[in-house]
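Undergrad: The chain contents come next:
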Amino acid sequence: MTTLEAIEILVRICWLVGAVAFVLGLARMNSPATARNGNLVSAGGMAIAIGATAVLILARQVLDPESFGIRISTWALIIGGIVIGGGLGLYAARTVKMTAMPQLVSLFNAVGGGAAALIAIDDYLRLLDTSTVRIDTHIFIVLDIIIGSITFTGSLIASGKLQGLIPGKPILIPGGRLVTLALAAITVIAAAILFVTGTPSLPLFLLILAAALVFGVTMTLPIGGADMPVVISLLNSFTGTAVAMAGFVIENPVLIIAGALVGASGAILTKLMADAMNRSVINIMIGGFGGGDEAAGAVGAEGGSVRSISADDAAIQLAYAQHVIVVPGYGLAVAQAQHAVRELADMLEERGVDVKYAIHPVAGRMPGHMNVLLAEANVPYPQLKEMEDINPEFERADVALVIGANDVTNPAARRSGTPVSGMPILDVDKAKSIIVIKRSMGKGYAGIDNELYTNDKTGMLFADAKEGLASLTAAVKAL
Amino acid sequence: MTPDEIDALITSLTIFTLAILVGFAVISKVPATLHTPLMSGANSIHGIVLVGAMLIAAEASGGVSQLISLVAVAFAAMNVVGGYVVTDRMLQMFRKKPTVPKPAADDAEAAS
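So the sequence lines, in the order shown, correspond to chains S and P.
Everything in the first sequence is counted per the working numbering, starting at 1 for the first residue and increasing by one.
Everything in the second sequence is counted per the working numbering, starting at 1001 for the first residue and increasing by one.
Keep in mind that a hint or two might mislead.
27 Å max Cα-Cα, derived BS3-like pairs, lysine-lysine [claimed, not checked]:
| id | chain 1 | residue 1 | chain 2 | residue 2 |
| --- | --- | --- | --- | --- |
| 1 | S | Lys-385 | P | Lys-1096 |
| 2 | P | Lys-1029 | S | Lys-477 |
| 3 | S | Lys-97 | P | Lys-1096 |
| 4 | P | Lys-1029 | S | Lys-271 |
Covered stretches of chain S, as calculated for chain P (at least 3 residues, CB under 8 Å) [to be verified]:
| id | segment |
| --- | --- |
| 5 | 208–221 |
| 6 | 367–376 |
Source of the hints: derived by calculation from the structure; they are not laboratory data.
In this text, a Cβ means the ideal position worked out from N, Cα and C, and glycines have one as well.
Take the sequences, apply the hints, and build the full model.
TA: Here's what the structure looks like:
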């Protein structure tokens, strides 16, 4: 065994160590207590895998210069790329606000998918000189390019929507569904020709690339802001799959393993999010194409009057309660009111009130987003309760304080025949009294009236989440 | 395809399939509280594509190929570095109790 062969084996073992670290790191995400350590384990595995790759490239150049050649340009590319990309990533990660987390994750999906697609593009350009391409190579390259490109443009659009650069509401292109179908057909036909002939073809390849890039745009543009938790999870899964395909293309097991892990995790989260919104993944993706506003024509339960309540009255209810459950929704995140809600909770706890938070799985703009926002505001995580755990407790709650949450509290979901029917909801209406902080009687994403607001037990405090909470806190203080 | 090539393909497919199953098994237990850090953590893991980007950079010859690999390395590095740093930032916020500046709080907790 030559030195180079020994190094090749060692490097492959390092890649295996990296893969093991990824699995162990993810396993440690099971509990908030071990999660941070898990992330470090995963990062350590990544450092080992990347370091080993650098050693491999160097060893090949130094020990076998005839086949590999010592090229300074290689190192300029690698070091330059890492400095530029790593610097940008570090800056973005350090400065991003927690409310902007979904768009950053989406941006990282875009660059990850983009890198995977570039690997396949590079590989294909090399293959153009050969006369025939093996069918399995062809399939993996084409899959990598399709999935990677869709992820790249799709994630950029999703990120732009979340950042407000592109309007968040569904954008419908006239004949958008036809365009999307046409793109899919073009891709499938072009890919089939490549597979059958086995001859590399630059025009067909570019056609597939272009169709996939446009497909990513037309797929994501029509999807509304409230469906973003599903879209981001799905694109995360796509990125993982694209990376696994890149692993097949360059025959590298660590890319295959890591990509498959991420693909699986994204798929699970996509399913969980879609279930929590009472919609199928297909419905969300296709629903956007067709318009997705079937809810507009639906009839909600009409009638019932709304009782408005002042901050002082609401403060008295809260201050003399024993158990208060706070129900934060996206309105709270938009108003950046997570710190305001914690101040109010602190004030109530000083008065001996027991405060818990009921977190719906799709509160926020990505899976688990609300938990991060509240954690940022120093809310201890044991107070954050998941839907299944908190629902039985609403009956014992003296006051449920709903802040900027709408559809996920609508009791109409328990009946059939409404757009929210069957959607898992928080049983807010079972609390002894309910205070809702909301700017107006505007409808939620489902486009129907919330029957909770016309409930006799409900008092509506019409205000922006942050201002409403500030006036409540001031009123509690004055008591 | 030669028998060796078929072997290699089947091995890769086996690794891929088993890794998906491991992913399902490991992740289905994660509580909703940690879904955002989980996604962000998984997000950093697909930064492993940097290994692939470095390997194509090592073989890059000619302007197009070099440009492609430079962009691929930069994209992947952004993914890796940004992903891990932001996940860590998020996870350090998950505490049982709000941090109290005075160490006395820890003593009181231990005593009780």
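Undergrad: Now, for every hint given, state plainly whether the structure supports it.
TA: Status of the hints after comparison with the structure:
Of the pairs offered as hints, the one joining Lys-385(S) and Lys-1096(P) holds, with about 13 Å between alpha carbons and a cut-off of 27 Å not exceeded. Pair hint Lys-1029(P) plus Lys-477(S) does not hold up; C-alpha atoms about 42 Å apart against a cutoff of 27 Å. A distance of roughly 22 Å separates the Cα atoms of Lys-97(S) and Lys-1096(P); the hinted pair therefore holds under the 27 Å criterion. Our distance criterion of 27 Å between C-alpha atoms is met by Lys-1029(P) and Lys-271(S), whose separation comes to about 14 Å.
Check result for the segment 208–221 of chain S against chain P: violated, 0 residues qualifying (beta carbon to beta carbon below 8 Å, three or more required). Judged by the Cβ-Cβ criterion of 8 Å, the segment 367–376 of chain S is covered by chain P as claimed, because 7 of its residues qualify and three suffice.
Checked against the numbered hints listed earlier, the structure breaks hints 2 and 5; every other hint is satisfied.
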